[in-house]
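Enquirer: Protein chains in written order, with the working numbering: chain U, 857 to 988; chain C, 1344 to 1761.
Watch out, some of these pointers could steer you wrong.
As the list claims (entries may be wrong) - Pairs of lysine to aspartate or glutamate, DMTMM-like flavour, derived with a Cα cap of 20 Å: (1) K862(U) with D1756(C); (2) K1761(C) with E867(U); (3) K1588(C) with D1435(C); (4) K1606(C) with E1593(C); (5) K933(U) with D910(U); (6) K862(U) with D950(U); (7) K862(U) with D1694(C); (8) K1753(C) with E867(U); (9) K962(U) with D1705(C); (10) K1425(C) with D1648(C); (11) K962(U) with D887(U); (12) K1753(C) with E1741(C); (13) K1372(C) with E1741(C); (14) K1759(C) with E871(U); (15) K862(U) with D1707(C); (16) K1759(C) with E867(U); (17) K862(U) with D1705(C); (18) K1759(C) with E1669(C); (19) K901(U) with D887(U); (20) K1372(C) with D1705(C); (21) K1588(C) with E1446(C); (22) K1761(C) with E1669(C); (23) K1425(C) with D1640(C); (24) K1761(C) with E871(U); (25) K962(U) with D944(U); (26) K969(U) with D944(U).
The hints are simulated quantities; they were obtained by calculation from the structure and are not laboratory data. As the structure is a computational prediction, the values presented were derived from the model and not from experiment.
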Amino acid sequence: MDDFYKGYILEHYREPHNFGTLEGATATFEDLNPLCGDRIRFDLKVNAEGIVEDVRFSGRGCAISQASASMLTDTIKGMHVEAVAKMDKQVVLDNVGIGISPARMKCATLGLKVARSAALGEIAGWPEEDTP
Amino acid sequence: MTATVRPDAVQERILRDFPILHKPTSRGKRLVYLDSAATSQKPQAVIDALVKYYSEYNANIHRGVYEIAELATTAFEEARGKIARFINAAEDAEVIWTRNSTEAINLVSFTWGVQNLRRGDAIVTTQVEHHSNLVPWQLLAERTGAELRFIPVDAQGVHVLDDLDRLLDGAKLLALSHVSNTLGTIAPLDMLTKRAHAAGARVLVDAAQSVPHMPVDVQKLDVDFMAVSGHKMLGPTGIGFLYGKRALLEAMPPFLTGGDMIKRVEYTHTEYNELPWKFEAGTSNVADAIGLGVAVDYLRELGMDWVRAHDIALTAYALERLAELERRGLVVYGPLPAENRAGVISFNLGDVHAHDVASILDTDGVCVRAGHHCTMPLMEKMGWPATARASFYVYNTEADVDALIASLHKAADIFKLK
Chain U
857 MDDFYKGYIL
867 EHYREPHNFG
877 TLEGATATFE
887 DLNPLCGDRI
897 RFDLKVNAEG
907 IVEDVRFSGR
917 GCAISQASAS
927 MLTDTIKGMH
937 VEAVAKMDKQ
947 VVLDNVGIGI
957 SPARMKCATL
967 GLKVARSAAL
977 GEIAGWPEED
987 TP
Chain C
1344 MTATVRPDAV
1354 QERILRDFPI
1364 LHKPTSRGKR
1374 LVYLDSAATS
1384 QKPQAVIDAL
1394 VKYYSEYNAN
1404 IHRGVYEIAE
1414 LATTAFEEAR
1424 GKIARFINAA
1434 EDAEVIWTRN
1444 STEAINLVSF
1454 TWGVQNLRRG
1464 DAIVTTQVEH
1474 HSNLVPWQLL
1484 AERTGAELRF
1494 IPVDAQGVHV
1504 LDDLDRLLDG
1514 AKLLALSHVS
1524 NTLGTIAPLD
1534 MLTKRAHAAG
1544 ARVLVDAAQS
1554 VPHMPVDVQK
1564 LDVDFMAVSG
1574 HKMLGPTGIG
1584 FLYGKRALLE
1594 AMPPFLTGGD
1604 MIKRVEYTHT
1614 EYNELPWKFE
1624 AGTSNVADAI
1634 GLGVAVDYLR
1644 ELGMDWVRAH
1654 DIALTAYALE
1664 RLAELERRGL
1674 VVYGPLPAEN
1684 RAGVISFNLG
1694 DVHAHDVASI
1704 LDTDGVCVRA
1714 GHHCTMPLME
1724 KMGWPATARA
1734 SFYVYNTEAD
1744 VDALIASLHK
1754 AADIFKLK
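Full structure from sequences and hints, please.
Expert: Now the structure itself:
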């Protein structure tokens, strides 16, 4: 983890992408990592075709959790919400691009967990006949 | 700035006694262990005592009539006696073995608490408590209908006692930590115990952070119950104890039940054992109790006045060196000066999250805690998402503080703090 703090991670930490909350969000989810008190919320705006049109995240936490959430917002914008719900943690690890120790894995994947939950919430809210 | 002093002869001998401090990290760094408030390292004498028990006289206690069973029983009960003398209990039987201070607190909550608290009674605690001295009382309040009240603390984490009379009015129990694990605040226990007793309340002290670090005399303090963990005082994990005044322990129902805590069992009735065994159901943690006895020997040899003075000196030195980092955004929390706190320093470095600080320090072999330190309500009250925490013990030196400072400068560089 000596390459822990690559420049782009610090950039995302100090100036996160898509930070804030979303007016007219169709799905929102928030969770925290009780180990460190990191807290992340995702707001999704999903259109009739199931595409994530817009996304915001908010919260506080370490550079790893904030940067990985910030990068994730770029990833999921334009994705189908069902694909978001099925995302693997490898997506986050590829985004972050550095070795994550077991102790920091919860930090790195908190945003993913929240984004997936928001996506699942969105799908659960669809009328029965629309659910594949 | 105070010049770094080379460890003196005492400190050099202590360093030699802790094998883990001589094992380099995977990055080839010297281990700089600054997390003794979480758990302490163990001297060779304690490790040897465990090996000796298991390899020379491992046997179940209180029953066997053969030689090694008697040896084990004697060593186990001698360890209890060492604890009793260490805290100046009136008698050995007032020391009950538990797994840790958490279990000791739960023992009191589930027995004395359920027996004595009623709707309309109050349980008084403080805003700095570790979850281990908060959650059991929340549960007890829920179960009995008692009210839970909090002695507030100020921005430095110092107890605010203006409203104490009102808080203690109708209280049956004052349960508080002697030393805060997050801020190092030392509670004015003497005065609080007197006031609580005057109000008709019993006093339980969570002494997990004080008994390892300063002289504690339960008779002088006149506390009713005291909970301690062995692993924070050079002893093994999985062993701790509850101190309780005999009259209270006698009147309490048992906690866990089964073997060893009985005198006579019939199919439908049981006569309980005498103190302290009434509260020690099942086979006890023999090896670790013996190990804790040896840890206490080690601390007594150093002298608890020396241990406390060492903590203060190191904390004062650390506070002075940390002040160098103030211009880079470092903020220290908790009471000042060093004499007013235990060897615990919580801090934050600029906008760098405590987890990131701890991860960078780790690459230099410097072990500090990061997070909420099991005091989530306190963190919420103070408005800190997390803090980093360095804590000291007998084996720490000024060189360890220097390593901490150098590594914090590195973290500030990485995060481009001016």
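Enquirer: Does each hint fit the structure? Answer for all of them.
Expert: Going down the list of hints, with the structure as the test:
no.	hint	in the structure
1	K862(U) with D1756(C)	holds, 13 Å
2	K1761(C) with E867(U)	holds, 16 Å
3	K1588(C) with D1435(C)	holds, 11 Å
4	K1606(C) with E1593(C)	holds, 14 Å
5	K933(U) with D910(U)	holds, 6 Å
6	K862(U) with D950(U)	holds, 14 Å
7	K862(U) with D1694(C)	holds, 17 Å
8	K1753(C) with E867(U)	holds, 18 Å
9	K962(U) with D1705(C)	holds, 18 Å
10	K1425(C) with D1648(C)	holds, 18 Å
11	K962(U) with D887(U)	holds, 12 Å
12	K1753(C) with E1741(C)	holds, 19 Å
13	K1372(C) with E1741(C)	holds, 17 Å
14	K1759(C) with E871(U)	holds, 14 Å
15	K862(U) with D1707(C)	holds, 18 Å
16	K1759(C) with E867(U)	holds, 11 Å
17	K862(U) with D1705(C)	holds, 17 Å
18	K1759(C) with E1669(C)	holds, 15 Å
19	K901(U) with D887(U)	holds, 18 Å
20	K1372(C) with D1705(C)	holds, 10 Å
21	K1588(C) with E1446(C)	holds, 17 Å
22	K1761(C) with E1669(C)	holds, 11 Å
23	K1425(C) with D1640(C)	holds, 8 Å
24	K1761(C) with E871(U)	holds, 18 Å
25	K962(U) with D944(U)	holds, 14 Å
26	K969(U) with D944(U)	holds, 10 Å
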